[in-house]
Amino acid sequence: MIVRIMGEGQLRVDDSAASELNELDAKLEATVERNDEAAFGSALANLLARVRTLGSPVELEALDSSELILPAEGSTIAEVRQLLTGDGLLPG
Amino acid sequence: MSVMKRVSMMFRAKANKALDRMEDPRETLDYSYQTQLELLQKVRRGVADVATSRKRVELQINQLQQSSDKLDRQARDALAVGREDLARDALTRKAGVQSQLNDLNVQYTSLQGEEEKLTGASQRLQAKVDAFRTKKETIKATYTAAEAQTRINEAFTGISEEMGDVGLAIQRAEDKTEQMKARASAIDELMASGALDDMVGGPRDDIQAELDRMGAGSGVEAELERLKNELGQGSGAPRQIEGAAADGAANGPVTDGHPTQASPADQPQAGDGA
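Read top to bottom, the protein sequences are chains A and B.
Per this note's numbering, residue 1 is the first one in the first sequence, and the count goes up by one each step.
Per this note's numbering, residue 1 is the first one in the second sequence, and the count goes up by one each step.
For reference, chain A alone in the conformation it holds in the complex (with noise of 0.2 Å):
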């Protein structure tokens, strides 16, 4: 599967990864929802060092859309229920 981490570009991860990624990001949606911001902090950092550990990156020219999409490194919660929310946020 293909998986985007947002400012860095599109890594394929082999499926077999799905069980191991999906805890990890049902950690990080947990800290969205106590609206912990440093354990959300080190849950994404987590999160996206084990996508790029596990990942090799998409060649630039493929126009393939990614089945799963992760907030940039750095990002803040606020930034992430932004997203979430569509408000006009993705330009484009």
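Treat the hints with care, since some could be wrong.
To be verified - Examples of chain B residues lying across from chain A (beta carbon under 8 Å, computed):
1. Ser-2
2. Asp-130
3. Phe-132
It is worth saying that the hints were derived from the structure and are not from the lab.
Where is the CB? At the ideal position from N, CA and C, for every residue including glycine.
Starting from the known structure of chain A, fit chain B onto it as the hints suggest.
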């Protein structure tokens, strides 16, 4: 639901909405390509903007570093002639300059990071736009409007994801650059007001004025000594100011000294000199 799934759904929804608006799928291709080129231009301008901001901060860092060095020299000179009060004043200002410097260095690193990110984004988008152009021509040449639909949707969704990502990166960079510009202006104002001991603010530089006034007599003596040496009449004695400087340095750090004790007794030269 999972964060990463929700984010990708948002991207997809956005692309689908745009696709729904298009009547002729093949027109979509040309229209989208136009938008891509515009975004590409915007990213390139973004890279240039961030670079300009970074250079401005770099310039300010250099200026402030010079101020800091100068204040440091002044503190030494002041101590050398026994003016601990002046030295303390110079070091206090130096601390102020230094804290601005630290702040600027953080900004500089942040702008550098932003510049790298945008440069990368620009390269990725360029590659995808090129690929899209090729694909667009192929689709137009090979398929009827109806057949083309699926392929167009795929290509469009793929590139619009990239565009959404890049668009956000630019917004972020623009916000940051705006903040930096505001702070850079504030620092320029501070420098102009002399509060940060602007290098060019000669007339406002009271520490240097005081030192010059005190140093004037010694300077003439030193010059006289130099001339005498040149003419072979020299006494060979070391220049007074250097002797004084060495004494001053040996007195150790100023910071834990006593501000007032040195002043009145050591000042007569200063008063007479001017």
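The hints, checked one at a time:
1. For Ser-2 (chain B), the interface hint holds, the least distance from its beta-carbon to any beta-carbon of chain A being 5 Å, beneath 8 Å.
2. The interface hint given for Asp-130 (chain B) holds, since its Cβ lies 7 Å from the closest Cβ of chain A, which is under the 8 Å cut-off.
3. About 6 Å separates the beta-carbon of Phe-132 (chain B) from the nearest beta-carbon of chain A, less than 8 Å, and the hint is met.
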